[in-house]
Amino acid sequence: SAVISQKPSRDICQRGTSLTIQCQVDSQVTMMFWYRQQPGQSLTLIATANQGSEATYESGFVIDKFPISRPNLTFSTLTVSNMSPEDSSIYLCSVGSTGKNEQYFGPGTRLTVT
Amino acid sequence: AQSVTQLGSHVSVSEGALVLLRCNYSSSVPPYLFWYVQYPNQGLQLLLKYTSAATLVKGINGFEAEFKKSETSFHLTKPSAHMSDAAEYFCAVSAEGAQKLVFGQGTRLTINP
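Quick note, the sequences are listed as chains A and B, same order. The first sequence maps to residues 1 to 114 in the numbering used here. The second sequence maps to residues 1 to 113 in the numbering used here.
The following block holds chain A by itself, in its conformation from the complex (with noise of 0.2 Å):
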């Protein structure tokens, strides 16, 4: 399996800033997703992060608000932008790998906004 890494493990954040969630897989993945766990709460994906594209956003998430960037096989970045403190989750990303059918998950980013 992959081994995922994100940065930074946690924060506490202002309302109204922004905060860039990074995450490092050691090995070239083709697809990359990126997950938000509210407090309390079940999984919800936000987008799937392309190489090479634009990012792809589920029912709900917008751009504006969750920019993304996938600039390689390894690495991408999650935007958490103007932050509210409905904003305070667990932000996780996910890697697939296609021949074992099944995605494996980075520790998270926990968020508080204050």
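In short, the hints are calculated from the structure, not lab data. It cannot be assumed that every hint is accurate.
[As the list claims (entries may be wrong)] Derived contacts from chain B toward chain A, CB cut-off under 10 Å, selection only:
1) Gly43
2) Leu44
3) Asn61
4) Phe63
5) Ser94
[Stated by the list, open to error] As a list, the in silico DMTMM-like pairs of lysine to aspartate or glutamate whose alpha-carbon atoms are at most 20 Å apart:
6) A:Lys100 - A:Asp87
7) A:Lys100 - B:Glu96
8) A:Lys65 - A:Glu86
9) B:Lys100 - A:Glu54
10) A:Lys100 - A:Asp26
11) A:Lys100 - B:Glu64
12) B:Lys58 - B:Glu88
13) A:Lys65 - A:Asp26
14) B:Lys68 - B:Glu96
15) B:Lys100 - A:Asp11
16) B:Lys69 - B:Glu96
17) A:Lys7 - A:Glu58
Where is the CB? At the ideal position from N, CA and C, for every residue including glycine.
Starting from the known structure of chain A, fit chain B onto it as the hints suggest.
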């Protein structure tokens, strides 16, 4: 469209007892099904997966799940609970194994000594 329903947001069992966590799915295509476990303050770890091969799937830590198409179910079981099994468990479905996942609401498993 795909969806997952986990029956019971909280399940409590005694140490050594059977663990049964329920998952029902809805999918317009043959599904890929997964169980993940999340320990406190950690990411998700894959327990097991169903990818249209054997209907009884064995995973890590003694867990297994059975795919029942007629019941659209993929329940997770473990014969004997251990204290270390206390965690949040998520059932998920995708149209293809490595594609985007749709998660159930999660079930918090508590183990009583």
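Hint-by-hint comparison with the structure:
Hint status for glycine 43 of chain B relative to chain A: holds, with the closest Cβ pair at about 4 Å, below 10 Å. Because the closest C-beta pair between leucine 44 of chain B and chain A is about 4 Å apart, less than 10 Å, the hint holds. For asparagine 61 of chain B, the shortest C-beta to C-beta distance to chain A is roughly 15 Å, which exceeds 10 Å, and the interface hint is violated. Checking phenylalanine 63 of chain B against chain A by beta carbon gives a least distance of about 15 Å; that is not within 10 Å, so the hint is violated.
For serine 94 of chain B, the interface hint holds, the least distance from its beta-carbon to any beta-carbon of chain A being 8 Å, beneath 10 Å. Of the supplied pair hints, the one linking lysine 100 of chain A and aspartate 87 of chain A is violated, its CA atoms being roughly 33 Å apart against a limit of 20 Å. Proximity of lysine 100 of chain A to glutamate 96 of chain B is assessed by CA-CA distance (about 11 Å); at most 20 Å being required, the pair is judged to hold. Only pairs whose Cα atoms come within 20 Å are accepted, and lysine 65 of chain A paired with glutamate 86 of chain A is accepted, the gap being roughly 13 Å.
For the hint pairing lysine 100 of chain B with glutamate 54 of chain A, the CA-to-CA distance comes to about 16 Å; that is within 20 Å, so the pair holds. A distance of roughly 17 Å separates the Cα atoms of lysine 100 of chain A and aspartate 26 of chain A; the hinted pair therefore holds under the 20 Å criterion. At most 20 Å may separate the alpha-carbon atoms for a hinted pair to count; lysine 100 of chain A and glutamate 64 of chain B meet this at roughly 18 Å. Under the criterion of a C-alpha separation no larger than 20 Å, the hint pairing lysine 58 of chain B with glutamate 88 of chain B is consistent with the structure, at around 19 Å.
For the proposed pair lysine 65 of chain A and aspartate 26 of chain A, the alpha carbon gap of about 28 Å is over 20 Å, so the pair is violated. Between lysine 68 of chain B and glutamate 96 of chain B the CA atoms are separated by roughly 18 Å; this keeps the pair inside 20 Å, and the hint holds. Note on lysine 100 of chain B and aspartate 11 of chain A: the hinted pairing is violated, with a Cα-Cα distance of about 26 Å set against a maximum of 20 Å. Pair hint lysine 69 of chain B plus glutamate 96 of chain B holds up; C-alpha atoms about 17 Å apart against a cutoff of 20 Å.
At most 20 Å may separate the alpha-carbon atoms for a hinted pair to count; lysine 7 of chain A and glutamate 58 of chain A exceed this at roughly 23 Å.
Against the hints set out earlier in the document, violations occur for numbers 3, 4, 6, 13, 15, 17.
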